[in-house]
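Student: From just these sequences and the hints, can you work out the full model?
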Amino acid sequence: MSHIQSKPAGNLSGVTGNILSSDTFGAEQTADAPFGHALVRAGEQNQRIVGLTADLGKYTDIHLFAQRFPERFFQIGMAEQNLIGVAAGLARTGFIPFATTYCVFATRRAYDFIAIGAALGSANVKIIAGLPGLTTGYGGTHQGIEDLALMRSIPNLTVIDPCDATELTQAVPVIAEHPGPVYMRLLRGQVPVSLDPGSYQFEIGKAKLLCEGSDVAIISTGLMTARALKAVDQLASQGMKAALLHVSTLKPFDVESVLSLLKRIPRVVTAENHFINGGLASAVADAVVDGGLKVSLRRIGIPNVFCDSGSIPYLVKRYKLDTESIAAAALELVEEQSSK
Amino acid sequence: MSRASTPETVSKVQSLEQRALSLRRHVLRMAERVGQGYVGQGLGIADLLAVLYFGEMNYDPSNQTWPDRDRFILSIGHYSIGLYAALAEAGVIEIEELDTYGADESRLEMSGSEITPGFEMTGGSLGHGLGQAVGMALGLRLDQKQARIFNLLSDGELQEGSTWEAAMAASHYHLDGLFAFIDCNNQQADGPPAKVLSVEPVHEKWRAFGWDTQRVDGNNIQALLSALDQAKTVRGKPHAIVLDTLMGKGVRSFEQREKNHFIRVDANEWSTLREQLESTQSDGERIP
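Which chain is which? The protein sequence lines are D and U, in order. Residues in the first sequence are numbered from 1 upward in steps of one, following my numbering. Residues in the second sequence are numbered from 341 upward in steps of one, following my numbering.
What the hints contain is simulated information worked out from the structure, not anything from laboratory work. There's no promise every hint is true.
In silico EDC-like links for lysine to aspartate or glutamate, alpha-carbon gap of 20 Å or less [claimed, not checked]:
#1 D/Lys208 / D/Asp233
#2 U/Lys352 / U/Asp569
#3 U/Lys577 / D/Asp233
#4 D/Lys230 / D/Asp322
#5 U/Lys485 / D/Glu71
#6 D/Lys206 / D/Asp290
In this text, all values refer to a predicted model and were calculated from it rather than measured experimentally.
Tutor: Below is the structure:
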């Protein structure tokens, strides 16, 4: 057992957080269970939508759909392989199954079932996966830190990391109407509202330029876009204009928007609530190389480690997923450029 | 309960035995072309496929998307050689296409997938079939359709835990339109399950999971028909019919091989094998 490094006892005076607390990341405005409510509305419009979960109904907000449409909801129990298998079978009889669990269980436990059961034949399965990245204080067992890398590698699968309640709400009816398998990360419970529902419009496969700028580019996905928006403000207060491109669809990846931005501003910070390998940063790097661009790239994200458990604010700082880290990386790129 | 031996049932059994013989001929034809394949499985399961495709299932060979069709779910993709034979015999695919089995650019893959007409899903990564069968049964029930699901699994496949996840769900949801056939041919890739990882007592496991369960000789058409009749009288439970089958059934050399999970045969031996199939059928010999 010599290869396992045990952790030293913690410093009790340093205990600051509760790992079970729901963290809304200091958002001024939140929405309650946006996915659950959006799925109920979609279910009212479209009788073919059905719901499934693997013993995480209350924890993925799909209990709202179960209460509204009990006959169209299937509790599968703690059996994620079967969750995806049953969903694929329902899809093959013409239904639109939304299957919920956590990122880790869907992607690690049921990978073969997503790849072969759902994706190979483009079965119309929607996998909705909670606790993306560092949104839980539980450690390696529960933190979905490599799910985007795993899912991006599956052919035919659409992969979405929504920013906030606005985008989740908009995405539900869109992916229900989109034929084929979809993997979407879920933010649950009280979810921050960062994007203006009046002006933001989610589209599968389309990145959205949220801020115009010329000094540095930030490309972000998922909840990191909320932090990137704040980083843009911080940079502005220091006289720097940052462009911000929000990429909620990791696959198919909007290469065109990325290249068009980076041709103008060849300095980019990527920000993702995920490993820096295999997710957004890798997709940007692929696009840059294939597009023949020369770009300076700083990657904000989790290094290839299993993360600690702890309170979410602690984890976000510990792994540098905070607004300050995005702003600092952007600043570094600008200073590097001006010193050339 | 067994079917009374009226002239009508006797002729039905005889007609299905002829279909099974025809399927076995197709299996040999496919394997001879390519010199190899999962011949033992194809021959061993021919009786069940004859019963289902020519005595039990409602389907339209010219319309694979008919919503009311009974569905056959091949979980064990490598048994595709048997299903291709049945689909060709039923007119879903052309008999001539059988000559492309396992060839480059063919849609008749050694391990079958949903690219082939008549394949409802992609098996072969074992442990997928029953879960999808459960989903289809739930979907059909939601649509208030009477169509049924017939899923073929194997003894070795029972080592995949996902099969048991699905078995629990089928029982929980009382899916009595779901029929699972478990082919116990006592061979998996590394040898007999008793040596690889014991799966017996198979029927007791299914019964313990809440399924209506029978165990029959899977190479006896009459026994298969009777088992189906019996299963259809049971409501509120999914049905497991455990089949004891002989790999290579009908071709003595294959029946007697110790290792017949995947078979390669030299080109000059096929005529002997074909003769064995025809002579076994003509004298009605049953090899124990």
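Student: Going straight from one Cα to the other, do U/Lys485 and D/Glu71 come out at no more than 20 Å?
Tutor: It holds: about 15 Å lies between the C-alpha atoms, which stays within 20 Å.
Student: Does the structure keep U/Lys352 and U/Asp569 at a Cα separation of 20 Å or less?
Tutor: Roughly 14 Å separates the two Cα atoms, so the pair holds.
Student: Is the hinted pair U/Lys577 and D/Asp233 satisfied, with a Cα-Cα distance of at most 20 Å?
Tutor: Status violated; Cα separation ~62 Å.
Student: Within 20 Å, alpha carbon to alpha carbon, are D/Lys206 and D/Asp290?
Tutor: holds, 19 Å
Student: Quick one, are D/Lys230 and D/Asp322 close enough, alpha carbons at most 20 Å?
Tutor: Roughly 10 Å between the alpha carbons, so the hint for D/Lys230 and D/Asp322 holds.
Student: Can the restraint linking D/Lys208 and D/Asp233 be considered satisfied, given a maximum Cα separation of 20 Å?
Tutor: holds, 18 Å
Hint 3 from the list above is the single one not met by this structure.
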